[in-house]
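A.B. asks: Place chain C on chain W using the hints.
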Amino acid sequence: MMNKTKYFERGKASLKALLFLPLTLGVHAESPQPRISTEGEGGGFSRATCAGCHGIEGDGNAAEGIPSLRGLPSTYLKEQLYAFASGERQSPVMSSIAQALSADGITLAASHYTQLRPLSRPLEAKDESANDLAVHGRWSENIPPCDDCHGPDGKGVGENFPALNGQPALYLENQLQAFKKGSRPSGPLHLMGNIAKKLSDADIRTLSVYYSGSSPMTGGQP
Amino acid sequence: MKHLMALALLMTSLTTLGNGLSDGVPEESASVLPADRDIPKDEFGKMVRQGQLIFSDTGQFARAYVGNDLSCRNCHLDQGRKAGSAPLWAAFLSYPAYRAKNHRVNTFAERLQECFRYSMNGKAPPLGDPVLVALESYAYWMEKNAKINPRLTERGFPQLQKPSSPPSYERGKIVYSNNCELCHGANGRGKRANDGHLAFPPLWGNRSFNWGAGMAQLDKAAAYIKTNMPLSLGGSLSNQDAWDVAYFMDGHDRPQDPRHTGSVDETRALFHHTQNSLYGHLVAGHVLGNGPVPQN
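Chains as they are written, first to last, in my numbering: chain W, 1477 to 1698; chain C, 714 to 1009.
Calculated directly from the structure, the hints in this document are not laboratory data.
One should not assume that every hint holds.
[Claimed, not checked] Derived CB-CB ranges, DEER-like:
no., chain 1, residue 1, chain 2, residue 2, range
1, C, 899, W, 1528, 36 to 42 Å
2, C, 749, W, 1525, 45 to 51 Å
3, C, 1005, W, 1674, 41 to 47 Å
4, C, 994, W, 1588, 45 to 51 Å
5, C, 745, W, 1664, 31 to 37 Å
Note that beta-carbon positions come from the ideal geometry of N, C-alpha and C, so glycine has one too.
In isolation and in its complexed conformation, chain W is listed as follows (with noise of 0.2 Å):
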């Protein structure tokens, strides 16, 4: 209980803080900002606002890189969403959206998308360079295994290690690329961030086509 309150606490004050945060990147200060609703039960988390972005049932949107939130450990999600709000995690749309929130909503949202069961493809090698990488790791670069940590097909472990089976190829590029340029946090002990750097561009869009379970989206494949 005592974590529980501390926990609150420290949401409050650091999102007090960001108030005084200049605006993201791509926010034009003249356009109204998309403000939700802090009063009331629900801190600001609103299952339509979300579901604009997410769709209706939180399974995100391919063609647009957007990700699933279904079944993401509500660890996780929370720390996205203060991530967000503070910046350290870039992105225009869900920074504002997180700044919104109050610690309450961060935690609603959290556990709404959490109880609902995961997105799930049968994952396929279309080389063996993704086999490669994410069942076997590059261990000559201390590279090791997607699937070690993510569990096998990339189903996710545990409130730290989110699933990545059934994530949008686009989406899982954009975040590998986020977490080589440092425009997302690296993740517990770094490691994202330490491994993502040794990851070509090319091992990045052969693994996040693999962990999509979709086609690749070039060279005319249905």
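C.D. replies: This is chain C only, laid out in the frame that chain W set:
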């Protein structure tokens, strides 16, 4: 002095080569190990593949001989290829060899039996059992097709320098909480993936390796941790941190040593008479080896 010599023999009998401790550069990059796609598509290849399956998911493919949640690959990284994590190809090259642990010359198959008895907390498959044949085939295939840097094969088990302060449970607990808990959990029981498969192995308790395993010895655990942990960040812990956290890990109870005589004191005198074993010692309020073993 006698103890030191026994220890040295024990170390040589463990077959880890190359540690990459000195400069942080992964030594195995100097050796080229074969990829799975190089496994021949014939009868021998089938046995190699079977060995690889056993290596990857030991509880499923060698169920009768496994008594915990571990698989070979949990410690022998890169499916038995990675130097510094007791690679299979180096082990294959190192036998037959005399082992102080059982005072006789052991074949490679006999060495594998010990893995099942101690690290897997199970039963030794009989010599000639398909499980041993498959694992030996996998190891032989790997060694035969490796382009091994001879400099590596000359090196013995990596000996991690002694820490400047004696290893400490309290300091180790802090190192654990900062670096290990993320994957192995606050209670050391490891973590399962969302689909139920084991993702991160248990480090102590009833589903982990037993007191007879090499990893239950502080020097080996510290060297392993320093070289390989946290996963992908090998070499990042200080020597002191590695020793402290090894002490913390091995300062918890685990399944009984199968050589247990009925008395912890006697078992310690016979099989754990070294400062690298905490078996029989009072650590954090418990005499280790005397139960209760944390249930996971």
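A.B. asks: Evaluate each hint against the coordinates.
C.D. replies: Taking the hints in turn, this is what the structure says about them:
1. 899(C) - 1528(W): 36 to 42 Å: holds, 38 Å
2. 749(C) - 1525(W): 45 to 51 Å: 47 Å Cβ-Cβ, so the 45 to 51 Å window holds.
3. 1005(C) - 1674(W): 41 to 47 Å: holds, 44 Å
4. 994(C) - 1588(W): 45 to 51 Å: holds, 50 Å
5. 745(C) - 1664(W): 31 to 37 Å: holds, 33 Å
Checked against the numbered hints given earlier, the structure satisfies every one of them.
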